[in-house]
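Undergrad: Chains as they are written, first to last, in this note's numbering: chain A, 1 to 496; chain B, 1001 to 1151.
A portion of the hints provided could be inaccurate.
[Unchecked claim] Have a look at the derived ranges for each label pair, beta carbon to beta carbon:
hint	chain 1	residue 1	chain 2	residue 2	range
1	A	Tyr-277	B	Gln-1051	29 to 35 Å
2	A	Ala-238	B	Arg-1102	38 to 44 Å
3	B	Ser-1127	A	Leu-264	29 to 35 Å
4	A	Pro-382	B	Asp-1084	37 to 43 Å
5	B	Asp-1084	A	Arg-472	52 to 58 Å
6	A	Asp-307	B	Cys-1048	32 to 38 Å
7	B	Cys-1048	A	Asn-269	43 to 49 Å
[What the hints assert, rightly or not] Partial selection, computed: residues in chain A whose CB lies under 7 Å from chain B:
hint	residue
8	Ala-38
9	Ser-280
10	Leu-287
11	His-289
12	Ala-295
13	Lys-321
14	Gly-324
[Claimed, not checked] With a Cα cut of at most 27 Å, we get these calculated DSSO-like pairs of lysine-lysine:
hint	chain 1	residue 1	chain 2	residue 2
15	B	Lys-1124	A	Lys-299
16	A	Lys-299	B	Lys-1032
17	A	Lys-321	B	Lys-1130
18	B	Lys-1124	A	Lys-321
19	A	Lys-321	A	Lys-299
20	A	Lys-179	A	Lys-195
21	B	Lys-1068	A	Lys-270
22	A	Lys-270	B	Lys-1071
23	A	Lys-308	B	Lys-1124
24	B	Lys-1032	A	Lys-398
25	A	Lys-481	A	Lys-398
26	A	Lys-321	B	Lys-1068
27	B	Lys-1130	A	Lys-299
28	B	Lys-1082	B	Lys-1071
29	A	Lys-164	A	Lys-127
It should be emphasised that the hints constitute simulated quantities derived from the structure, not laboratory data. For glycine and all other residues, C-beta sits at the position ideal for the given N, C-alpha and C.
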Amino acid sequence: MESASNHHSQAPSLATEEPVPSSSVHASSSSLYRAPIAWFYRLTIEQRVLAGFSLVFVGILIVSVVSYSHMKILLANRGLDGRSQELIQLLNNIDVAMSEAEDTHRRYLVTGEASYLEAYKQVVKQKPTFNESLNDLIRESPEHQQRAGLLDRMMDRQLNAESKAIAKFQEGGFRAVKKMAFEGAGKRELGVIHKIIGEMDLHERQAVSRRVVESSAGTKTTIVLLGIGALLQLVLLAWVYYLIRHDITERRRVAGELQRRGELLESANKELEAFSYSVSHDLRAPLRHIDGYAALLRKAVEQSLNDKAARYLQTISDSAKQMGQLIDDLLVFSRMGRQEMLHTTVNLDQLIKNILSDLRLDLQGREISWTIAALPEVQGDPAMLRQVFMNLIANAVKFTSTRPIATIEIGVEHPSSTEIVLFVRDNGVGFDMQYAPKLFGVFQRLHRVDEFEGTGIGLANVRRIIHRHGGRTWAEGVPDKGATFYVLLPTRRRDS
Amino acid sequence: MTAVKPILLAEDNPRDAELALAAMEAEHISDKVVLCHDGAEVLDYLYCRGQFKSRLKGNPAVVFLDLKMPKVNGLEVLRTIKTDVNLRPIPVVMLTSSREERDLAESYALGANAYVVKPVEFHKFLSAVKELGTFWGVINEPPPENCRSTH
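Same shape as in the complex, but just chain B (with noise of 0.2 Å):
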């Protein structure tokens, strides 16, 4: 298991963001996880450009996308990824507060990885975010980082 891959965060809200790095801070995996503030950082970090210029090579573990965010919103995100083939096998979980029929099925159409509604109640929050990063962050292995020279 490669141990560095870091979980990529694209959470706009400083509040959720926080609640969400508490969450993972108890599982002792918040120290993986690179904080983006909206879809155009989150694209700027895959393709290593911008204040991510100088980061180290590599994919991330997991994306947790929010729906709603500036710039580029997470569908949007979404749509770049899935459409690049170097970075179409990185995991990619809507996390939102969204339960609209039409954000879930044009998630999936475009080919999200999993769906979660980020639930109101903290305990359950807590307890969907500490799951989500251990099963993507721990026990999933991420694809082999040369299955992008299948190209």
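Same shape as in the complex, but just chain A (with noise of 0.2 Å):
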């Protein structure tokens, strides 16, 4: 996965760093195109699904929102609506009462007839129903309620004369009021009423109208967007969708490339077991015909052997014993790279004291000033540590044979959490910074056979190991003055 994106994000800065012939204005708006692409070719997967996953919720909650305040509006609408009917219905009930009113009190003041009274008094109980009830209706409209002030001084005042009317005629009989009785008391009172009922009521019908047109329209705007909406999340969820399925087709075909590799190496590792095996079996054989042969060949012709030929037999000894060495040293090595790994906690300290009492037969003779920080507990294979150990005291101990006082330090440097950094200091032969690359290679070796004795392979073992610690190693060396080895581990276990 981790290599898939890398490829990715290589290609698009690949491409701008190709020559582009073109001016500098349309370099500078591809780039500006080109940036938010480099920018996501720089995401990973998993911040890629998140991103689409991320939109699509973000546009579930825009179409949610948009769904929500339209519905609200057309809930609103409704409840206005409903207010509208019944504003429109208590007009007309107040213009009927009121038409009733007038004409009640005219029948009444021309018969007399008490029923006629009764109906006109049934008007005037009911009018501050009415009353209160439109105000109740029209709360939240300053229009209305500058109307219906001005409907309610009317229909007081058709109300109070014709009740005048009605206190006259009692008192007088039909001549006081003959007049009044043909005209109506509160005719012109009741014709500003009805102009005033007929605005409000045109005025409400054409809000309900108003509204109707509305809600449709916003009613259409909403099912547009949220087909857009939809559409668009659709969109969105196929491209996360092939997202995935091409991380995952990808991954299958590492997996299985991982696992091809995996048995290529497991087989060529056996063949390499086999070879191995066989140059351990077959390889010291003749080796060893070489030297017992030139022995009994020494023996054979003892008494007639001069110097040289003695010296001859010798080298052929020597050789065969050198190759001997040789082969032995190459295949530890190449057991170093095969062998199962412990990882145990590792007490180095004793490990340092358990080498250098192996080693006080080669110290015999020597006069050496030991430095020894205290070492801490590490993680690793015992036996593998041993042998880093072994043979950077070794080499400290070889290469500082000439000095008439030695002096090697194994010691601690910048413990981290993380890793930790020993050393083996010496004041030997040191060596030229410049060879410091070819120090740990396999047989590779700063010094004449015949001044230092040794295969080269130890320090190729020390690298090999450590690096399957998960490690590094490094040299310092100042050539006559003496060198420093480094080896770093990690403290945390790792798997090789």
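Starting from the two chains in their separate frames, assemble the complex, guided by the hints.
TA: In structure tokens, the structure reads:
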């Protein structure tokens, strides 16, 4: 996965590095256009999928908010419509009642029939209820309130005038009110009332139709928006699906490739093992024969052997021995790469103590001043780490053999929570830093065989072991002053 | 001490055999050595068959066994010896070029009595063979012949 995303991230940057023979304006606009794409390609698959899902989520959120607000408007309009219907109905009732008041009071004035007076009084009794209901319905409309105030006054005036006329009729009989009886006491007010109610009715009906238009337009917009949102979300989800599917396919391919390589590696390892097994067996035999027959030959011709011939025979023997040593070292080196590694806690103090006690025969007749710091415990394979420090200490002892007093220091540098650096420092012959890269190579030697013995495999082993522990090795040296070999070990276990 | 008990040396390489014999000659025990050139011959000897049909009865004092041999290899011979109640008491010393851990482990698992890596240097080889021959052929008391009747 990581390699795949790296691959993607490199593609656009390579493209921008291509020389584009165009005007600077063009170049800048294209780079502006490319920047977000480059940014996008730098994202990991997880981030891309997350971005996709976030966009879908935002889309759903927007659509929800829009639908909700539209729903709210629709509901509010429905409430308003209900109120409007009530208002229109009420206005109609008032209109009818006022007309009836006019009608009944005139009939009473003409006939003096008590039932007409009763009907009139019914209207007068209703009037405050009308007023109350009206004020309740138009609470939020100042325009209506103004008209309602006028309406209220007009109604009062009409009813007052009519009441006065009735009172006059009861005092003076029909004659006193004859004129009023024909014309109507509140005729003028009633006309105004009709007009006001007509206006209010029209106004309310207009408001209703306005709301109908508004609602249907809003509904249309919302439907279109919902459609677009759904489409966009579908596209986004399809894209996310594609991303995930693509990634899974890629992962499957990589896993298959890894498995194939693992199998190849395993078979190669098996071959290598068979090879080194056969080396171990078959390559040693001829060497043994060379040395053996040289010895037998020496014995057979002992009497007539001159110094020169004796030296030749010795050289044959020495060469065979040397080759035997080389084979042994190579086998150890090769085994070191294949061997199963243990992961336990290794007490370095104890390890160094044991090594020094094993080396005591080599240390006889040498004057060495040791400085050994308190060493920590590390995680690793005890046998392998023992070989590392055995090699480093034996080297220090070997390359200080020309010093009257050798000083060898073993210590720790910069211990941190994640890694630890150990070093072995000596005041021996040292080395030129330009050869430092060669130091840890297989069969690399910086000294002639007659200066210091050895096959040149020790440091290669050191490096291989430390690499298998997930660490690093390096060295610093000054010719004829001494050398320091560093070993960095991670403090946390890492599977090799 | 039964002086006639032979030392069985299994060695397919004639040079190695010659060198081993030369080493034992110096200790005057070479005349006790019976040389087999492969694993099949060792088994023929132990079971008194083939070319060893008419040999004197009795087990050898010790078997020096090379690992890598034609026909039947050293580990197979070792397995046969250690699974046969009559042969099991015979001391078997693996004498081989291999220092491979799995060879060591397998040999001891099968019941080898000793495991000696042939040194490249002749004088070390010489002293190793001398010591082995002297110890197993002369100093060590071999198991009594009647111990097979415990079966």
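Undergrad: Are the hints correct? Go through all of them and say.
TA: Now the hints, each set against the structure:
At about 32 Å, the CB distance of A/Tyr-277 to B/Gln-1051 agrees with the hint of 29 to 35 Å. Checking the proposed 38 to 44 Å range against A/Ala-238 and B/Arg-1102 shows it is violated: the Cβ atoms sit about 58 Å from each other. At about 46 Å, the CB distance of B/Ser-1127 to A/Leu-264 disagrees with the hint of 29 to 35 Å. For A/Pro-382 and B/Asp-1084, the Cβ-Cβ distance of about 40 Å falls inside the hinted range of 37 to 43 Å, so the restraint holds.
Between B/Asp-1084 and A/Arg-472 the C-beta distance comes to about 55 Å, which sits within the given range of 52 to 58 Å. Taking the beta carbon of each, A/Asp-307 and B/Cys-1048 are about 54 Å apart, not inside 32 to 38 Å as hinted. Evaluation of the 43 to 49 Å hint for B/Cys-1048 and A/Asn-269 yields a pass: the beta carbon distance comes to about 45 Å. With 7 Å as the threshold, the beta carbon of A/Ala-38 stays out of range of chain B, its nearest partner Cβ sitting at about 55 Å, so the hint is violated.
With its C-beta approaching chain B no nearer than about 5 Å, A/Ser-280 sits inside the 7 Å limit, and its interface hint holds. The beta carbon of A/Leu-287 comes within 5 Å of a beta carbon in chain B, closer than 7 Å, and the hint placing it at the interface holds. Among the interface hints, the one on A/His-289 holds; its C-beta lies about 5 Å from the nearest C-beta in chain B, closer than the 7 Å criterion. Against a cut-off of 7 Å between C-beta atoms, the interface hint on A/Ala-295 holds, since the closest Cβ of chain B lies about 4 Å away.
Using the Cβ-Cβ criterion of 7 Å, the hint placing A/Lys-321 at the interface with chain B is satisfied: the shortest such distance is roughly 5 Å. Among the interface hints, the one on A/Gly-324 holds; its C-beta lies about 3 Å from the nearest C-beta in chain B, closer than the 7 Å criterion. For the given pair, B/Lys-1124 sits about 16 Å from A/Lys-299 by alpha-carbon distance, which is consistent with the 27 Å threshold. Note on A/Lys-299 and B/Lys-1032: the hinted pairing holds, with a Cα-Cα distance of about 23 Å set against a maximum of 27 Å.
The suggested pairing of A/Lys-321 with B/Lys-1130 holds, with an alpha-carbon distance near 20 Å, which does not exceed 27 Å. Note on B/Lys-1124 and A/Lys-321: the hinted pairing holds, with a Cα-Cα distance of about 11 Å set against a maximum of 27 Å. A hinted pair counts as satisfied when its Cα atoms are at most 27 Å apart, and A/Lys-321 with A/Lys-299 qualifies at roughly 19 Å. Restraint check for A/Lys-179 and A/Lys-195: satisfied, since their Cα atoms lie roughly 24 Å apart, inside the 27 Å limit.
For the hint linking B/Lys-1068 to A/Lys-270, the alpha-carbon distance of about 19 Å falls within 27 Å, and the restraint holds. This hinted pair checks out: A/Lys-270 and B/Lys-1071 have alpha carbons roughly 24 Å apart, not beyond 27 Å. Annotation: proposed proximity of A/Lys-308 to B/Lys-1124 holds, straight-line Cα distance about 24 Å (limit 27 Å). Among the hinted pairs, B/Lys-1032 with A/Lys-398 is inconsistent with the structure: their alpha-carbon atoms are about 47 Å apart, more than 27 Å.
Restraint check for A/Lys-481 and A/Lys-398: satisfied, since their Cα atoms lie roughly 14 Å apart, inside the 27 Å limit. Straight-line distance between C-alpha atoms of A/Lys-321 and B/Lys-1068 comes to about 22 Å, which keeps the hinted pair within the 27 Å bound. With a C-alpha separation of about 17 Å, the suggested pairing of B/Lys-1130 with A/Lys-299 holds against the 27 Å cut-off. For the hint pairing B/Lys-1082 with B/Lys-1071, the CA-to-CA distance comes to about 19 Å; that is within 27 Å, so the pair holds.
Distance check on the hinted pair: A/Lys-164 and A/Lys-127 sit about 17 Å apart at the alpha-carbon level, within 27 Å; holds.
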